[in-house]
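Per my numbering: the sequence shown = residues 11 to 157.
There's no promise every hint is true.
Claimed, not checked - Derived lysine to any residue pairs resembling SDA-like cross-links, with alpha carbons at most 20 angstroms apart:
#	residue 1	residue 2
1	Lys29	Tyr138
2	Lys102	Tyr138
3	Lys102	Tyr73
4	Lys102	Cys139
5	Lys140	Lys15
6	Lys15	Pro26
Claimed, not checked - Cβ-Cβ distance ranges computed for the label pairs, FRET-style:
#	residue 1	residue 2	range
7	Lys102	Lys27	37 to 47 angstroms
8	Lys46	Lys102	46 to 56 angstroms
9	Lys102	Leu14	40 to 50 angstroms
10	Asp95	Lys27	23 to 33 angstroms
11	Ile42	Gln100	53 to 63 angstroms
12	Ala20	Asp48	27 to 37 angstroms
13	Gly22	Asp44	49 to 59 angstroms
14	Pro54	Asp95	33 to 43 angstroms
15	Ser18	Ile42	32 to 42 angstroms
16	Gly107	Val147	20 to 30 angstroms
17	Leu13	Glu116	29 to 39 angstroms
18	Pro98	Pro54	41 to 51 angstroms
Hints are computed from structural coordinates only; laboratory data are not their basis.
For each residue, glycine too, the CB sits at the ideal point set by N, CA and C.
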Amino acid sequence: MNLLKLESNAKGKICPKCKNELRRVEGSGIKIVDGKVDMEATLPRFICDECGIFYRELANSGYYNFFDLPENERQQKKRVISTADIPPQQLKRESDGKAPCPRCGERMDIVNGKPDFSNTMDHFKCPYCKSVFRKIVGTDFFQWSEK
11 MNLLKLESNA KGKICPKCKN ELRRVEGSGI KIVDGKVDME ATLPRFICDE CGIFYRELAN
71 SGYYNFFDLP ENERQQKKRV ISTADIPPQQ LKRESDGKAP CPRCGERMDI VNGKPDFSNT
131 MDHFKCPYCK SVFRKIVGTD FFQWSEK
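With the hints as constraints, model all of the structure from the sequences given.
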C-alpha cells in the first residue's frame, strides 16, 4: 500500500504525478460487491483524468492511497484543433450567453470589455482549452488570440 500526501492550491488538490488539478467526486451509497458490503464507495475520491487514477483518503489521516480508474469512469479527452487551422469566423451568443468553441467544442463564456486599453472589446474565452477569441475590428468575425 503506497500512501501519498496530496498538495493543494487555491482551487483544490493537485495530482503528485502530473501536477494537474484533481476533480473531486462525492461518494455514492453503500454497495454489495461479491456478497460483501463495500463501504469504500461511500468515501469521496479525487480523480486525475490525465493520469487515469484516483486518490482516496485513508481514515481521515491526510494521506491518500491511489488506484487505477475503471475504464467506464474515464473521461474522453477532447480533440483540440491547432490554432493555425482555425479561420476567422462569426461567433453568436446563444440564449444562455455562451457560444461553442471552434477549437474544442466546449461552451465559451463572453467576457465584457474593460477600460484598460488591452481588453476594450467583448471577447469569448473557453474554460476547457483556454482559448480566447477576439473580434476583428470593423467586422462581425472573431479570431483566435494569444491573450
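Hints, verified against the model:
no. : hint                                 : result
1   : Lys29 to Tyr138                      : holds (17 angstroms)
2   : Lys102 to Tyr138                     : holds (19 angstroms)
3   : Lys102 to Tyr73                      : violated (47 angstroms)
4   : Lys102 to Cys139                     : holds (19 angstroms)
5   : Lys140 to Lys15                      : violated (29 angstroms)
6   : Lys15 to Pro26                       : holds (9 angstroms)
7   : Lys102 to Lys27: 37 to 47 angstroms  : holds (40 angstroms)
8   : Lys46 to Lys102: 46 to 56 angstroms  : holds (55 angstroms)
9   : Lys102 to Leu14: 40 to 50 angstroms  : holds (46 angstroms)
10  : Asp95 to Lys27: 23 to 33 angstroms   : holds (31 angstroms)
11  : Ile42 to Gln100: 53 to 63 angstroms  : holds (54 angstroms)
12  : Ala20 to Asp48: 27 to 37 angstroms   : holds (34 angstroms)
13  : Gly22 to Asp44: 49 to 59 angstroms   : violated (33 angstroms)
14  : Pro54 to Asp95: 33 to 43 angstroms   : holds (40 angstroms)
15  : Ser18 to Ile42: 32 to 42 angstroms   : holds (34 angstroms)
16  : Gly107 to Val147: 20 to 30 angstroms : holds (23 angstroms)
17  : Leu13 to Glu116: 29 to 39 angstroms  : holds (35 angstroms)
18  : Pro98 to Pro54: 41 to 51 angstroms   : holds (44 angstroms)
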